[in-house]
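**Q** If you want the building blocks of each chain, they are given just below.
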Amino acid sequence: MRELRLLRDPKRLIPILLGSVAGILVLANLLFPQQSAAVQSSSAELLRWVTVVAAFALLVGVTNVVLQHLRRLLKREGQWAYSIPLLLGFIIPPGIALYGYLAESRTNVPSSTLFQDMVQWVYTPLSVSLLALLTFFAISATIHAIGSGNREAIVVIVVAVTLLVAQLPLLATVPYLGAAISWIQNYVALAGLRGLVFGAAIGAIVASVRILLGLDRPYLDR
Amino acid sequence: MSLFELLIIFLLLTFAIVLPFIYARLVTGGRSIERRSLPALDELNMALARAAETGQPIHISPGAGPLHGATVAPESFAGLMLSQRVAVAAARRGANVSASSGDAVAHLAVRGTVRVAYRNAGYAEDYRPDSIRLYADHDPLAFAAGVGARYASETVEASVTVGDFGDTYLLLGEQGRQYAIPQVAGTTNPASLAGAIVTANGTLIGEEIYAAEAYVAPTPLGIARLLTHDAIRWLLIAILIIGVVLMSLDVRVFEPASFR
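Chain order of the listed sequences is L and U.
Per our numbering, the first sequence starts with residue 1, numbered consecutively.
Per our numbering, the second sequence starts with residue 223, numbered consecutively.
If we strip away everything but chain L, and leave its shape as in the complex, we get:
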């Protein structure tokens, strides 16, 4: 088995062992909480290390991105204009944090008035506009799916339209309709949903075991 032969290479074996032991410790703590103080404290310590490592990785990543985009901006490389909003995105939040600290003595950035104004007047409208686009995308996709005769898509569309129409206030007075829809949602749809979740959970368990045993290494860059 090629997967197992690869483990003979120390360059691969050491990171895989580290990853596996860390993963199994955290998993054991999740499955059997408060069963062993040693497992619990090791797991908590590992999670603290992850936070510290992630913070340093973030620092390195942010520095790299800023330097790359500064260089692109200065050299006027292709699509350099996109670097301006990106760099502004790196400058504005720390600026707001500094302003909140100096003007309002707040150490928590999200509670600063300026930050909340930015979220309310810039981020939320942008997100809502993008989400609103989904309506048009849904209509466009529906028209195309019906035109192309995709059977699975047509089933999805028919069910969606039926349920939408059935929930109109006008139809609320139709006898048995509400009860029928509730029955379909609570039994047929929920049964299908649980089947989907069970299947996905089985796949996730097998995939997790493979990663914990080092048979699959999607995290290893070598």
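Treat the hints as calculated values from the structure; they're not laboratory data.
Some hints here could point you the wrong way.
Heads up, incomplete: computed chain U residues facing chain L, CB under 10 Å, no partners named [to be verified]:
1. A238
2. L363
3. A366
4. G395
5. E396
6. Q400
7. L415
8. I419
9. V420
10. T425
11. I427
12. G428
13. E435
14. R455
15. I459
16. L462
Idealized CB from N, CA, C, for every residue including glycine.
Add chain U to chain L, keeping to what the hints say.
**A** Chain U in isolation, oriented as in the chain L frame:
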């Protein structure tokens, strides 16, 4: 934790660890294995063959599900493993690969995967780091907008988007359809699935996203993992039936603590 829960955990872990090796031995021993068909992957195989001729890249994405932080999306692991298999298959055929991710850790993993795939195929010089892009971190909306814009600005042979996409899959899926990009999509999220079925040429539903990698690279251990999925599914069905019968008979010895 009740006896019943401990028993289930023990059985699941034992099956998940031991069965792949038993099945792999059976497969290498020459036993013929019937695999259920996944038509969505026929589209992918055809795209891989075309990509080698046209030179246009196959776009892969493990989605925007988190692989770090408080919650981890297992679908992203499935997306990463399928991305790895697609990258290897593409590199061996001399096809190009581009990738988009919506999580910083997944981005690093995809970058490493694609780089190793090119190197192992003997085309290390063809690897282009700028084709592996991180569009957002823990923000499915921004990720979908980024991938949609990529579809608009770059020509790709096909797009394989398998993972967690939140409720905004339609933003990128419909954009891909409008640019006539053959798409293979897979997720376990019902909200994304509806969008995927309507816009993609092939859809992987639920656990199929975990099985897909064994179809792209049918190694004995890959096929064994597929058979393990099926075996565990039967085990769960048996546990469900036993649980229903025991509870109906008011036998509460194995009753999970959370049911009380």
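**Q** Each hint: holds or not?
**A** Hint-by-hint comparison with the structure:
no., hint, verdict
1, A238, "holds, 4 Å"
2, L363, "holds, 6 Å"
3, A366, "holds, 8 Å"
4, G395, "holds, 7 Å"
5, E396, "holds, 4 Å"
6, Q400, "holds, 7 Å"
7, L415, "holds, 8 Å"
8, I419, "holds, 5 Å"
9, V420, "holds, 5 Å"
10, T425, "holds, 7 Å"
11, I427, "holds, 7 Å"
12, G428, "holds, 4 Å"
13, E435, "holds, 9 Å"
14, R455, "holds, 6 Å"
15, I459, "holds, 9 Å"
16, L462, "holds, 9 Å"
Checked against the numbered hints listed earlier, the structure breaks none of them; every hint is satisfied.
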